[in-house]
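Novice: For reference, the chains in residue letters:
Protein chains: 2
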Amino acid sequence: MTANTRTRLSPDERRTQLLDLGFRLLATRSLDELSIDLLAEEAGVSRGLMYHYFGGKQGFFEAVVQHAADDLYARTAPPAEGEPLERLLASITGYVDYVVANQAGYRSLVKGATAGNDSLRAIYDTTFAALAERFFTADPGGDVFPDTPAVRLVIHAWQAMVEDLVLTWCDSPAGLSREDLLSVITASLPAIIDTLP
Amino acid sequence: MTANTRTRLSPDERRTQLLDLGFRLLATRSLDELSIDLLAEEAGVSRGLMYHYFGGKQGFFEAVVQHAADDLYARTAPPAEGEPLERLLASITGYVDYVVANQAGYRSLVKGATAGNDSLRAIYDTTFAALAERFFTADPGGDVFPDTPAVRLVIHAWQAMVEDLVLTWCDSPAGLSREDLLSVITASLPAIIDTLP
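Chains as they are written, first to last, in this note's numbering: chain B, 1 to 197; chain V, 1 to 197.
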């Protein structure tokens, strides 16, 4: 029965299913420990099919990272309407909830992006640049986030701060509720931008 | 002549010299590319001596990272006297100047700490924890930096922000002078702490 259910998936659905499984496996394993063999076994598919879809281990890693990055980007889409700071809060809430729900996998991806090859790094950088871009599209008048090189520099650094803040908070919440954390993250960006000359 | 000069060094001086050389070589090579053979060749010493001092490649890496971390800690020592924010500024100035002067080596160490084994990670974490500790010793009354778990969480995240800010600024200064950068870094910490509930 299971095999029949599987074979009814379209190639795209099957591919997505394998990527989701790869990301879930990252929750308890590092990128180094994740192998085509392990994935094929867990998914109940042949190694040949894995190679057919991903071309090899490196191609699979990149596809898993890209899939996770696309997922993160989709889940942090701000509402189409609203004040810039409200839209920022909605987007940040999506980010925090995503990281909390996928902590181990997210840590693996950060580590893979830092340690890994240029392709993984590029996916990570492109994703965070796309997330940063939202500040300017959410605030086209530049009232809160004027689009200057200095503000872009600060947003990049604030993203690094937020990543560290959420991951550290997951380990040890330091008396802060999820709402406290969201409030610190949201309020700190305009506060840091205010320190620019 | 050179060989004679070398042999006059004490074992401690020789070891320090090798660690300095290792750190300088990291400016243009990753940890992976740095080998005992290369270092022995550059230093004009035997591989046997390298193994005698460091026990192998991993021991050498750890010694280089620990040496760089100790150096960073020493160079960022705040003045013994002064207002907390002035002492913070002096300490941050030391950090920024160190990273700017040792950019490539510093990037290698960050990458090694993120990707590497637990020993490298522990040296990195211990160093940043020691740097953070200074905020509380510089402000024993807790006027600017009350010693609470939430403030410690924020300082940890702010350190990640500062690291990203300085490294990104090295690549592209975004119209900010060194003084502008120092001012953003120094002023942002109290501003972020103010966002705590």
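Worth flagging that the hints you see were computed from the coordinates, not collected in a lab. Some clues are possibly wrong.
Heads up, simulated DMTMM-like pairs for lysine to aspartate or glutamate below, C-alpha to C-alpha not over 25 Å straight-line [said to hold, decoys possible]:
no.	chain 1	residue 1	chain 2	residue 2
1	V	K111	B	D194
2	B	K111	V	D118
3	B	K57	V	D164
4	B	K111	V	E13
5	V	K111	B	D37
6	B	K111	V	E33
7	V	K111	B	E81
8	V	K111	B	E179
9	B	K111	B	E62
10	B	K57	B	E133
11	B	K111	V	D32
12	B	K111	V	D37
13	B	K57	V	E83
Just so we're clear, the structure is a prediction, and the values are computed from it rather than from any experiment.
Novice: Next, verify each hint and record whether it holds.
Specialist: Hint-by-hint comparison with the structure:
{"no.": "1", "hint": "K111(V) to D194(B)", "verdict": "violated (31 Å)"}
{"no.": "2", "hint": "K111(B) to D118(V)", "verdict": "holds (13 Å)"}
{"no.": "3", "hint": "K57(B) to D164(V)", "verdict": "violated (30 Å)"}
{"no.": "4", "hint": "K111(B) to E13(V)", "verdict": "violated (36 Å)"}
{"no.": "5", "hint": "K111(V) to D37(B)", "verdict": "violated (28 Å)"}
{"no.": "6", "hint": "K111(B) to E33(V)", "verdict": "holds (19 Å)"}
{"no.": "7", "hint": "K111(V) to E81(B)", "verdict": "violated (40 Å)"}
{"no.": "8", "hint": "K111(V) to E179(B)", "verdict": "violated (32 Å)"}
{"no.": "9", "hint": "K111(B) to E62(B)", "verdict": "holds (13 Å)"}
{"no.": "10", "hint": "K57(B) to E133(B)", "verdict": "violated (31 Å)"}
{"no.": "11", "hint": "K111(B) to D32(V)", "verdict": "holds (16 Å)"}
{"no.": "12", "hint": "K111(B) to D37(V)", "verdict": "violated (28 Å)"}
{"no.": "13", "hint": "K57(B) to E83(V)", "verdict": "violated (55 Å)"}
The structure fails hints 1, 3, 4, 5, 7, 8, 10, 12 and 13 (numbered hints given earlier, in ascending order).
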